[in-house]
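Protein chains: 2
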Amino acid sequence: MAEAVEKLTKKSEDPSKWYLQLVRMAKLADYGPVRGTFAIRPYGFEIWERVQRDLDDRFKATGHKNAYFPLLIPESYLKKEAEHVEGFDPELAWVTIGGREELEERLAIRPTSESIICDFYKNWIQSYRDLPILINQWCNVLRWEKVTRPFLRTSEFLWQEGHTVHATAEEARAETLQMLNVYQDCFHEAMAIPVLTGVKSPSERFAGAVETFTCEALMGDGRALQAATSHDLGQNFAKAFDITFLDEQQERVHPYQTSWGFSTRTIGGLILVHGDDRGLKLPPRIAPTQAVVVPIWRGNNKGEVRREAEALYSELKDAGLRMEVDLDEEHSPGWKFNEHELRGVPVRVELGPKDIEKGQAVLVRRDTREKEFVDRKELAVRLQALMGEIQENMLRQAAAFRHENTRQAESYDEFKEIIAEKRGFVVAPWDGTAETEQKIKDDTKATIRLLPFERQDGEDLVSGKPGQTAVFARAY
Amino acid sequence: MAEAVEKLTKKSEDPSKWYLQLVRMAKLADYGPVRGTFAIRPYGFEIWERVQRDLDDRFKATGHKNAYFPLLIPESYLKKEAEHVEGFDPELAWVTIGGREELEERLAIRPTSESIICDFYKNWIQSYRDLPILINQWCNVLRWEKVTRPFLRTSEFLWQEGHTVHATAEEARAETLQMLNVYQDCFHEAMAIPVLTGVKSPSERFAGAVETFTCEALMGDGRALQAATSHDLGQNFAKAFDITFLDEQQERVHPYQTSWGFSTRTIGGLILVHGDDRGLKLPPRIAPTQAVVVPIWRGNNKGEVRREAEALYSELKDAGLRMEVDLDEEHSPGWKFNEHELRGVPVRVELGPKDIEKGQAVLVRRDTREKEFVDRKELAVRLQALMGEIQENMLRQAAAFRHENTRQAESYDEFKEIIAEKRGFVVAPWDGTAETEQKIKDDTKATIRLLPFERQDGEDLVSGKPGQTAVFARAY
Ligand SMILES: [Zn+2]
Ligand SMILES: [Zn+2]
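Protein chains in written order, with our numbering: chain U, 1 to 476; chain A, 1 to 476.
Treat each hint with caution, since some may be false.
One copy or any two copies: either way a pair holds, since identical chains are not told apart in the list.
Said to hold, decoys possible - Below 30 Å or equal to it, Euclidean Cα-Cα: the simulated BS3-like pairs (lysine-lysine) are: (1) Lys441 - Lys336; (2) Lys27 - Lys79; (3) Lys60 - Lys317; (4) Lys79 - Lys122.
Since the hints were derived computationally from the structure, they do not count as laboratory data.
For reference, chain U alone in the conformation it holds in the complex (with noise of 0.2 Å):
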């Protein structure tokens, strides 16, 4: 491996094949025999399940509970709602046999569960006394994808999906934008990625819903990716679906939904936002090591150093930080420093006969390749908080990176050479239509990521008509 490590592509030359590289280096995911899907492997499943426990245990903390829906959905509950059959319709497998017969109804895979949710809703909900219904359901998904890559659009994929059901318009307006900021203090406090949120525009609303909420990150490459959305249902789905509760003054009247959802697609963002030249950058909130223990010997004295590394590793490892050692004979530190490098653990910590002499150690960073020399006495703790400085900065770092690359445009000509050279978030003015909003896609393939919470008034740069402000970029 250590060839390989060498031969990483630089992400400033080709950031598309440094992606694809660096995933199948660090061991994070593998391409399987069905076009479009892959394998997670452990190094790359075991940050997503950090992140699953960190936005599960906040999903939790707003009162929400996680169930479990079949898999299948009949072709008939799809076409209920017909604007989400249609836009779900193209990327559909069907399940056409079951136990050696063919199927009266084909049935879907779900490529989200709105429709076979409701059908169960429907039949839970009866009085104002059963709601809200607050559920959560971690699954995979499939959507027919003609162009993939790993983490960031594939077929199957992992996710959670969240399905809750209202009273009232109000009370469901209130838990999309509630379910809108866990995900962005997710994004921001678990995976140091700055996020900003706000509104989608008609075109890229969720297929079923009245209005469609996002989180936009940008990449290092300077375009955009949709991270996370929440989508307040209205009461689309509650009239497809026949969904009726009796409220308080015994009227029999349908509910107001939401769903939000993230994907495994974030690990895909968590490599293009943090990564460098060298291979992956993990915050050591989800870094499944967050400091590693490379002992440093020669023949004569490898007996006591791999010890009193051994011993470090276990002491570090006691005071609650997650920890590995290398003890491989066959490669070099140098070969390792690479290697630990490229896999992104936020620490490296080197024990040689010298440090072991001066009671020391050395502390390494990922994220600025600081050197620190820290006495043994003092690591531990020293360690501990390094963990939230280096998570602190590679938001920082984040943050500052798209401060940098958000810019307004004044003229059409300058928003078509900003997204040509630069790229990064334009902010500029739209008239709302979907003409102007399709002319802008045609010429620059840049389109509106989202319109911002604060309202600001301006003009159209391509029609001259009165609008508001939008942030357009070119996405994944």
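Please arrange chain A with the ligands on chain U, whose structure you already have, making use of the hints.
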């Protein structure tokens, strides 16, 4: 729901009807629109989550990592291991259309993942340095079933499947047995279900395995449930999928594999083992709610009792217990007692005006229905201790039931009589032939659940030939 509780069929009268009613009334699961599919509702799912966490911790403590492999398996992959496809083919669901196009090769929804995982392992394993591979996956699987019952037999179900690869046959066998013990520990310590462990007869072996080990539990109605299995796959899959590695002598050889699984089926076992005429009975270790505070008020003291109940709830929750407080004003205390007994909550904490006056509360155990008056100041400590006592007592009760329902048969007539009249486990020698095994099944519907690890010789009751002791039962 008061009427519903009263109407729960008696377990002793019609265990099958009792089971279905209880699953619905306790809101554990609900039927889906496709035959054999179910939603696991929040209360049922929370039980599963706790079992899952318990098992996952045990897997990680024994060195395993989680990963995720694709849902869809090309037909050609399934066909590579002849016995394997023969075993699963009748139960497969096939995807034949994806993204509006007829697929060139049809894709099965995984019934289990050996074949697709072997395809990845083939690439991940090159040298003995890559071994062992110790990977587990939590996922959904699908087996088209004709007769289904929530949890116990469903077309789609949730499970974990461990898939490991080893350099030697001895190591693979040791792993297979280790994981059998992990399952046994989870059943005993978390679920309070005593299980017998042993070897399956060849006819009950996993399709493609060289040996299958099993955990068998005895349900309250005297039928057995295969609760979890661990398979020594030998080199069967490695040969079929051409997985090889360079061993330390630089020779290219096939590795040895294992697989082992534990599913939501066990939730059905949990219901059947512990449930009684009043409903569910949950072991404290995995109960979503360990104790529920039920205030007993009249019109004139409602305010005070309510406040005290809320305070008590917070106090006990802060002490680390999973608590609920039932402040509903629509139902009587008696109705609530029934309801929480139906839901299997291990302890009810009653609090009335007299209790408040005396500075006490009343604890009522779900397992024995014993009442206890406890000083408020000692309540948290007493409840914590009670959790351990109930957990132990439930295991003891289930073990005593199994002991009473495990019988030696001295003749084939006696064997048939026990199975027909008493059910339970029947211990009898078996000559090791598929013929006597089949005859017993035809005559009595009883099958060999396992061959105990401690071999005991004897004469087969049917053929009179020498054999070894087997444990028979009618099974779910
Ligand atoms: Zn209507
Ligand atoms: Zn071979």
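- request: If the cutoff is 30 Å on CA atoms, where do Lys441 and Lys336 land: within, between, both or neither? Let me know, please.
  value: neither (46 Å within a copy, 60 Å between copies)
- prompt: When no copy is specified for Lys60 and Lys317, does a C-alpha distance of 30 Å or less occur within a copy, between copies, both, or neither?
  reply: For Lys60 and Lys317, the Cα distance is within 30 Å both inside one copy (29 Å) and across copies (15 Å).
field: Copy assignment of Lys79 with Lys122, given that the CA separation must stay at most 30 Å
entry: within (16 Å within a copy, 42 Å between copies)
- prompt: With identical chains treated as interchangeable, where does the CA-CA distance between Lys27 and Lys79 reach 30 Å or less: within a copy, between copies, both, or neither?
  reply: Between copies, since 28 Å is at most 30 Å while 40 Å is not.
Hint 1 from the earlier list is the only one contradicted by this structure; the remaining hints agree with it.
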